[in-house]
Amino acid sequence: MTTVNRENIKVLIADDEIEFASTLATRLQLRKFNTTMAESGGAALSAIEKSPPDVLLLDLKMPDIDGLEVLARLKDDFADIKVIILTGHGSFEAGQEGMKLGAYDYVMKPVDLNRLIEKIEGAYKEKQAG
Amino acid sequence: MTTSTHTQEICLQVFAKASAAITHEIKNTLSIINENAGLLEDLATMTDDDSGIPPGHLLSATSIIMKQVVRSNVIMKNLNTFAHSADIPFATVNLETTLRLLIALTDRQAAMKKAAVSATCPPDLTIHTHVFTFESLIYLALRRIYDVIANQSTLELEAARDNADIVISFSVTGQPLPALGNASDDEAALAQEIGATLAGEQDRYIIRLPAAIRDE
Chain P
1 MTTVNRENIK
11 VLIADDEIEF
21 ASTLATRLQL
31 RKFNTTMAES
41 GGAALSAIEK
51 SPPDVLLLDL
61 KMPDIDGLEV
71 LARLKDDFAD
81 IKVIILTGHG
91 SFEAGQEGMK
101 LGAYDYVMKP
111 VDLNRLIEKI
121 EGAYKEKQAG
Chain L
131 MTTSTHTQEI
141 CLQVFAKASA
151 AITHEIKNTL
161 SIINENAGLL
171 EDLATMTDDD
181 SGIPPGHLLS
191 ATSIIMKQVV
201 RSNVIMKNLN
211 TFAHSADIPF
221 ATVNLETTLR
231 LLIALTDRQA
241 AMKKAAVSAT
251 CPPDLTIHTH
261 VFTFESLIYL
271 ALRRIYDVIA
281 NQSTLELEAA
291 RDNADIVISF
301 SVTGQPLPAL
311 GNASDDEAAL
321 AQEIGATLAG
331 EQDRYIIRLP
341 AAIRDE
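So the sequence lines, in the order shown, correspond to chains P and L.
Residue 1 is where the first sequence starts when you use this note's numbering, and the numbers rise one by one after that.
Residue 131 is where the second sequence starts when you use this note's numbering, and the numbers rise one by one after that.
Keep in mind the hints are simulated off the structure, nothing from the lab.
Treat the hints loosely; a few may be bogus.
[As the list claims (entries may be wrong)] Pairs of lysine-lysine, DSS-like flavour, derived with a Cα cap of 27 Å: (1) L:K197 with L:K157; (2) P:K50 with L:K157; (3) L:K147 with P:K100; (4) L:K207 with P:K75; (5) P:K119 with L:K157; (6) L:K157 with L:K147; (7) L:K197 with L:K207; (8) P:K100 with P:K119; (9) P:K100 with L:K157; (10) P:K125 with P:K32; (11) L:K244 with P:K50; (12) P:K32 with P:K50; (13) P:K125 with P:K10.
[Said to hold, decoys possible] Just a few of them, taken from the derived set where beta-carbon distance is under 10 Å, the chain P residues facing chain L: (14) S22; (15) L24; (16) T36; (17) S40; (18) A43; (19) I48; (20) K61; (21) G88; (22) V111; (23) D112; (24) R115.
For every residue, glycine included, the Cβ atom is placed at its ideal position computed from N, Cα and C.
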């Protein structure tokens with residue numbers, strides 16, 4: 001099993017729950033991931049234009065542009081970004097809908113951090129493998 | 131006077147819709163608490179490692195947890211109050227309190243549009259009606275309006291007594307309500323049940339209903 005240098009993995013967290021996103025960012029930074037955050041769909045798209053991440057952790061319900069719309073817009077110019085849907089929805093349907101639109105995977109909130117890290121690293125490896 | 135089966139079904143659908151939105155909110159607060167509890171655990175581990183704790187992280191995590199507990203409590207209190215509205219079919223309630231409850235119950239939908247919502251109502255104004263039906267009618271109106279208003283709008287609810295009636299108007303500051311159209315069939319059915327009339331005017335949406343209806 002290959003290991004990855006987490007400092008090379010650029011993770012963008014897009015979630016309008018700032019206190020969730022900022023704390024998750026801090027916890028990932030403590031584990032050496034290169035992590036930034038955006039608090040809306042529009043802010044996420046702007047951040048991606050400036051500096052595309054390897055992995056996007058994407059909340060579905062956000063003001064202005066929602067997660068599924070962000071996902072759809074990434075298809076053309078940023079198709080190589082691996083998207084992991086963060087869903088607080090009570091069922092798996094929302095996450096599965098995201099995967100139909102090309103998301104790499106989804107996780108339910110509240111997040112199991114170790115499981116999320118496995119998915120981030122898996123997504124990065126798949127991206128590197130092209 | 132009893133509510134029809136159809137009206138009861140609509141009210142149940144409204145309650146289900148409100149419950150879905152509120153429990154989603156609760157999942158958000160639990161997620162924040164979960165992350166901050168996890169961060170505290172991380173920091174505790176760092177103490178064991180003697181690697182030092184970043185200044186401010188401990189205080190920040192504990193204050194966020196406390197804040198989210200308060201937020202959860204308010205959210206659950208609102209849902210609980212709404213649920214208990216069905217306990218007594220006909221009751222006299224304070225209108226300002228009721229409108230603020232419904233605004234709070236739809237807070238997440240307003241936030242999705244970054245909308246500010248305010249209610250202006252004489253503090254002693256009451257209404258005697260079938261409360262759960264009335265609340266369901268206001269809830270549906272708010273959800274429908276949030277669907278059509280522009281981002282960062284300011285929605286104002288104004289309620290006043292007009293002889294034997296209560297008039298509640300919904301308007302968006304600085305702009306006409308965009309394409310509100312007619313109330314939904316469900317709103318119309320609820321309105322009919324409590325003797326309300328619904329009117330969409332150029333710059334506002336108005337619900338007029340009796341300040342007191344007979345409840346035999």
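Inset, instruction - Against the structure, test the hints numbered earlier, and report the numbers of the ones violated in rising order. - result: Checked against the structure, the hints that fail are numbers 2, 4, 16, 18, 19, 24, while the rest are satisfied.
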